[in-house]
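2 protein chains.
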Amino acid sequence: MTYCVGIINRDGLLMMADTRTNAGLDNIATFRKLHVFRVPGEKTFALATAGNLGFTQSVISILREGLEREEGRVERLVDQDSMFQAAQFVGEVIRHVYRTDGSAIEQHGASLEVSMLLGGQIKGRNLRLFMLYKAGNFIEATTDTPYLQIGEHKYGKPILDRAVTFNTDFYDALKLGLISMDSTMRSNLGVGLPIDILVMRRDEIDPEVEHRIEAGEPYFHDLRERWSAALRKAHNDIPPPPYGQKKS
Amino acid sequence: MTYCVGIINRDGLLMMADTRTNAGLDNIATFRKLHVFRVPGEKTFALATAGNLGFTQSVISILREGLEREEGRVERLVDQDSMFQAAQFVGEVIRHVYRTDGSAIEQHGASLEVSMLLGGQIKGRNLRLFMLYKAGNFIEATTDTPYLQIGEHKYGKPILDRAVTFNTDFYDALKLGLISMDSTMRSNLGVGLPIDILVMRRDEIDPEVEHRIEAGEPYFHDLRERWSAALRKAHNDIPPPPYGQKKS
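If you read the sequences in order, they're chains A and B.
Mapping to our numbering: the first sequence position 82 is 82, numbers consecutive.
Mapping to our numbering: the second sequence position 180 is 180, numbers consecutive.
Honestly, I wouldn't trust all of these hints.
Rough simulated footprint, nothing fancy, chain A against chain B, three-plus residues with beta-carbon under 8 Å [what the hints assert, rightly or not]:
| no. | region |
| --- | --- |
| 1 | 105 to 111 |
| 2 | 153 to 159 |
| 3 | 203 to 217 |
What the hints contain is simulated information worked out from the structure, not anything from laboratory work.
Cβ atoms here follow ideal geometry from the backbone N, Cα and C, with glycine treated the same way.
This is chain A alone, in the form it adopts within the complex (with noise of 0.2 Å):
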């Protein structure tokens, strides 16, 4: 299983991937999900992915070394022009691995539940955000709805839901993509620790943070800690239902 969230805001980009896989419950393993592909000072596409490890993998690859062209020319994820081009050029190499393995994969009864999270910004162009399905298409996060989730998406909505839109401040969006992320891990076992977070502030390009968090890290082991105490002061705070007569 996996989660991965982007938010996108006024100030910037958020994307957070966890790096559990597994392949059955007994087969568990780390891999990082959130992929980063720069032009310094130029571009910066960050792609976090869902789904069949291999075929994703697969993805990762072309777009790192290239599809083939006509008379031996490439085309990478790097040498899109536009965030838009760059999330077609993805649903290409998506739908390319799917003619390749697709068939076979699914013959011998794998999910090829793959989705992806695209986002970035190129030097003179808007910051986007993509969510990718398996058939290659897309949708875009707006100002309406500011964030978008791969993967293990429910236990972790709730919160962005009622706390996240396009103008919460950028780092309490980082906090409550967190936040989420630990719902996410308590209520299921396939995502886990270390998270991949990269931060990307508006119209700068370069990532402001690349960073990786590991199990008992002092920040997120606080921050699930306060998250739970609250929690629980929370639904102590609320009065009893005056529902019948109160006995005990």
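Assemble the complex: chain A is given as a structure, and chain B must be docked to it using the hints.
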């Protein structure tokens, strides 16, 4: 969609169910999903249902009217003499309806992801809570895992995971169930008011509360407002992440 939760603890049994049904997003209606079968002072069975409405209504009707046995005799849910037998009987009726209607429904592409919660007590026996699957098999809640959910269970699970134990105060557990219901309603339009609740104190056999929470009811409205405000405060009180230089 549907969300139902049952909680069994040291003090008794709580059952909650929303009432929204939908056949497509453009056809939404209100139907009771929490059904109570009683022999006053002797037996109380509460059954919450999720899945295809025609299927679950057939099951309810047969449980009330009886399944035909030899020589014109019929057997009803209230005829059962233990909760375990009751769970077996509900499972048998699910299989019966599946044999009668199931393959025809599935031929037309409708989903039959039926599941049910059965809770209750028979005088002189133990209070018990079961979850039945569409195959008619079932599991039972225990002191380790004192709650069971059916339908859209993920949005409302984190708060139960964090706070509900076998020794949670009875009406606090009801409050937590309602918070879980609130989280689900916020994130899935297919789950909605009114909410039916049943409160059964251990060994009292007859329900302590049978209540329908309608839209606009002051207590539930206040609970939702307080929970939202407390969550806002909870994340506001967590310090900002230390990663990178905070510039905003």
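Taking a Cβ-to-Cβ distance below 8 Å as contact, does the region 203 to 217 of chain B have at least three residues touching chain A? This one holds; 3 residues, not fewer than the three required, reach chain A with a Cβ under 8 Å.
Three residues or more, CB to CB closer than 8 Å: is that satisfied between the region 153 to 159 of chain B and chain A? holds (count 5)
Verdict on chain A covering the region 105 to 111 of chain B, where coverage means 3 or more residues with a C-beta closer than 8 Å: Three-residue rule not met by the region 105 to 111 of chain B, so violated; n is 0.
In summary, the structure is inconsistent with hint 1 from the numbered list given earlier, while agreeing with all the others.
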